[in-house]
Amino acid sequence: MVESKACQDLVNKVIKKDLCTLCGACVGMCPYLVTHMGRVVLKDVCDLTQGRCSAYCPRMSLDLDITSRATFGIPYTWDALGITKGIFMARSTDAKVRQRVQDAGTITTLIRFALSEGFIDSAVLTRFKDKSLPKGVIVSTKEEVLACAGSSYMAAPTLEAFNREAQNVSRKKIGIVGTPCQVLGLARMKESELEGRNNLDKLKLVIGLFCTWALSYPDFAQFLEKEMTGPVLKYDIPPHPANVLHTFTEKGQIDIPLDRITPFIKPACQLCHDLTAEFADISVGSGRGKVREWNTVILRTERGMEIFDAAQSKGVIEITEIPERNLNRLKEASRNKKKRALKNIIQKTGSTDNFLYLKVQPGTVNHLLENGG
Amino acid sequence: MSIHGRDPINLIITGIGGQGNILISRLIGEVMLEDGYWVTIGETYGASQRGGSVASHVRISKSTQHGPLTPEGQADIILGLEPVESLRMLGIYGNPKTYVITNIRPIHPMAVAIGEAEYPELEKIKQAISELSQKVWYIDASEIAIRLGSPLLANMVMMGALVGTGLLPLKKEACLQQLAASFKEESLTVNMKAFTMGFIQNSS
Amino acid sequence: MTIASRDVPKTTQLLMGNEAIARGALEAGIGVAAAYPGTPSSEIIGTLAQVAKERNLYVEWSINEKVAMEVAAAASFSNVRALCAMKQNGLNVALDFLSNLNLTGVNRGLVLVVCDDPGGISSTNEQDSRHVAKALDLPLLEPATSQEAKDMTTWAFELSEEIANVCILRSVTRISHARGKVVLGELSNVEKHAYFDISRKPYATVVETPPKLHQALYQNLARIREIYESSPFNWYIGPENPELLIITCGSGWFYSVEAVRILSAVNSVGILKLGTTWPLPQKLIEKHMLQTKKILVVEEVDPFLEGNLKELAADMEPGRTWTFYGKASGHIPSFGENTPNIVINAVAKALDLKYTTRDPEYQQKSQEMVKRYVPPREPQFCAGCPHRTTFWAIKNALKLDGREGVLTGDIGCYGMGLGSSGFFQVRTMHAMGSGTGIASGMGKLNQFGFNQLVLNVCGDSTFFHAAIPALINGVHNQSHFILIVLDNSGTAMTGFQPHPGININAMGDPVPILDIESLCYALDVKVTVTDPYDINGTTEKLLEMLRNEGKPRVLISRRECALIKSRREKPPYKIQVNHDQCIGEGCGCDRFCTRVFRCPGLIWDRESRKARIDESICSGCGVCVDVCPQSAIVREVIE
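Same order as they appear, the protein sequences are chains U, H and G. Each residue of the first sequence is one higher than the one before, starting from 1 at the first, in my numbering. Each residue of the second sequence is one higher than the one before, starting from 1 at the first, in my numbering. Each residue of the third sequence is one higher than the one before, starting from 1 at the first, in my numbering.
Chain U extracted, bound-state conformation (with noise of 0.2 angstroms):
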């Protein structure tokens, strides 16, 4: 029998099938595979039958917990919001940086006095400049990573970037800002036995981003141009129950119904289970209720307790704690994402048998059906 080609298997399993989610992981190593206006493209067939680009994929043959011992060293526990070493709340003490960016400041603080205190020489970071496509760069100065604050909700391949730039020698450590698909792209990374090419012991610092789901370019931005008078600023989408967009132009605020915004949610997103990227040093997503000027940060793992320590030390960065609520709702708002993503796969297969890319037992999926962790 002949084996198939890595790059073909990943375009007929995930590109195909409507599950890629734009991470990036498989772009930027080769000239076979590149990304172009939103999509993962292959231009030409290379005949390797292993590959970095499949291996990486977090939506090709994911076990979890292979993953997990590559990252934390023990199995994963499907629990609500993955290994937790700490929990509370955090913002930027420099009232300046926290009104430039999306929340509270936390991330690009933590970047900034990475960069400053040299636990990393650069950063790769995403970019998105009014209309055009959300892309990963690579920065290394305090207003490089002040430019990068913000999300725009759409997907961007960041790890490309990444992929790109560790190549080059005067990278030696690099911090990574990413969604929890990329930062399983990462992980996926640290598990592969073709790793020794990505010069992933360049890689010391990552800071996984809360997640519900991400747009589809050029679709978003096509309606964006029919709705807004001129470039978008920022984003935000408020907490529940509000089920809005707000959107942030020179002009001011115009607030766009979420179910209009609906629509150009990326299908891929759908099966995703991982709310809180699991999988990072460091994961940081917003505050909501009275800690709304807040964000929520989850250290996962030594390096992350480490840098971050060292942040609050310096002074740049100020905790509290998380209130009881608000942990309880973000444990259930995971244990939701678990539940939904399942029960799409479930959908998109058919069968309770077949879980496309997961690998998972059926009785684990059963009991997290019912419980969600």
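Read the hints as simulated data drawn from the structure, not as lab findings. Check the hints yourself; a few may be wrong.
[Unchecked claim] Cut-off 20 angstroms, straight-line C-alpha distance, at most; resulting in silico cross-link-like pairs (SDA-like, lysine to any residue):
id: 1; chain 1: G; residue 1: K610; chain 2: H; residue 2: Y119
id: 2; chain 1: U; residue 1: K348; chain 2: U; residue 2: D236
id: 3; chain 1: H; residue 1: K97; chain 2: G; residue 2: Y355
[Unchecked claim] Partial chain H-side listing against chain G, Cβ under 8 angstroms, derived:
id: 4; residue: L33
id: 5; residue: W38
id: 6; residue: G42
id: 7; residue: G52
id: 8; residue: S61
id: 9; residue: Q65
id: 10; residue: G94
id: 11; residue: P96
id: 12; residue: P106
id: 13; residue: V112
id: 14; residue: A113
id: 15; residue: A117
id: 16; residue: Y119
id: 17; residue: L122
id: 18; residue: E123
id: 19; residue: A128
[Claimed, not checked] So these bits of chain H aren't anywhere near chain G, every CB distance computed over 12 angstroms:
id: 20; residue: Y37
id: 21; residue: P71
id: 22; residue: T98
id: 23; residue: W137
id: 24; residue: T165
id: 25; residue: K172
id: 26; residue: E173
id: 27; residue: Q177
id: 28; residue: E186
id: 29; residue: V190
id: 30; residue: M192
Idealized CB from N, CA, C, for every residue including glycine.
Given chain U, put chains H and G in place with the hints provided.
Here is chains H and G on its own, set in the frame of chain U:
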């Protein structure tokens, strides 16, 4: 040793488009014509010029004009500018009495260059050519040509090599005269040198 | 000065058939020669162009074959002998004019040389042009040797003037491109004075009814037939009552003689060689046919002569029958080019003789060895060819765009874009300019749900030859397609002849350039120009054009042919592969430059497992530097 008695003498000059085998056929043809022979030369052009095989058939006769193509199995001499092309011609036009003079420098076809096919070992090609012919002269005409200044001179080296074997009823001097009549002054010396070096290789 | 024009009458020269035809025309004192390049005819006008000044000729590479015929006819109408040459496909282009010209007739000698390409070795089709002579009631001549090629051409002008009509000379590759012994005649030094007689009856078909003109033409045939009966271009060799009579023409003559010699059948086979093959010299043929009961007809492409002989035979002695061997009987294949062995086998079969090419053991051994050791060679773009890089950009742009694209193709070196050399992008290829016409049509199918992108590649020479009317059609009908003009500054495939986009003409005189951009602006067509060597830039421009759908748009991909350039200049760069950077077969490359980009200047070195440059082939263009994903290929400017 010669094939002077044969009539017609069927000489096939083969190589890759751009190597200049057509020039050799014309020069030899002119020399034979001047000596009172009937000469016909058949050639292939066009698409085959772009890296494909090219063969010139030179039909030489004392008695009458012949057609431009050699019948299968009737080649008396195969002069090959590329080893695998020499073998290819033997496959169609060769017979146990055929003489072969061939350059041993390979030119890789596309399939080989990109790694999709293998270019056979030179020793195997040489063995095959030897088994299919009466006698073979091997010459690294490309090496000689490069030493003289350009790989394109290989065709003149091969022409000299052919004349050096004495197989054809023509003299070295007549060939040099023809070269003098055909080349511009600035390129004549080096082409004559190439011819002479090829001649020396085979005339002993 | 070429050997064909040297004033050395009665000397013996080794001339190519086409050169001999050119010489024959010079000996006939032509004034004008016009053609469009087409293998295997190009050398005729090519030779005459070289000597235009010294022989006081006007020689033109016309924009297409119809115009070439019209240009030659103009000379003939105006008291100047003229020659027109083309390949079989060119005859199709000229046919509309020719099928009116035969009815109006001409004044001074006008000879049309058509060179067929049996086997379609350098053509898109295989076609027998002789049918046209019969269909248009025009005299047909077929030379069998280089000597005849010269002599027939000279005589054809006399015949043409005798009947005041076009004379067709049909050659094939094996005559046009073969060199043979030719004894030269005297060059003509007769003065040429051009003048159109306005007092005579107009050269117009409508001055009489077409049937009347047709009738006159038909009656002409009888006169020509008489002349043919005693033509020195027909001859017979062999016994008086041959067991087998071979009737042959053109390249069949040498094949037949050789076959009879090899089979030692000189005493039982007669060969009637006809040089005048339409109309047929009936009496001559009858005389020989009545001496035998078995006839083998040897000719190239169609059973034209064979069919005409059978027509004659039907009216010969009533009740008399012959056994005909040829294409109908399968002795000679009805397709493909003749070879000496096809004819040897046909004669052997007709005589019931056994013929083995060579010792069967040798046969088997040699074929086995060839199979084992001889890799195939497919034609491909040269190293540095801008077509490779244009097709590369097209492939990339279509992949990135994501929608399906239909790329229609055309004729020229870039026709090889159909294969691996052009990354299998081309979907159609027919006649000159057809790709543009098809694109114009396809771009109007959206009302039936057609939602694929339509693109067309067309060469610069092809653009002038036939694509312009199709482009105008597209503009006028608001069709949606992109025309990509591959402008490599010449008609490369056939030998780099000039065309209206070039600054010199056939005779080497400077002429103004006809600018493709300006032509497009005149049509209100948006034009983008790109350098195909800039593969990323070209891909970007094409992507942009694909995004903006609508009326026809033109992309001119302009870069001089690498072969022309290499003959004139040394390469600009020395290219090398840095083996430390090259990752070869590994993930991240998988031999991208050799396996996917496929420039013949790049070689996969099996020993080092890395790519390397073949210096004897590399043109130094440096495009591969941008192709390599590891920046392992470097270029160094050569001082």
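- In ascending order, which of the hints set out earlier in this document are inconsistent with the structure? Numbers 2, 8, 12, 17, 18, 20, 21, 22 - these are the hints that the structure violates, sorted from lowest upward.
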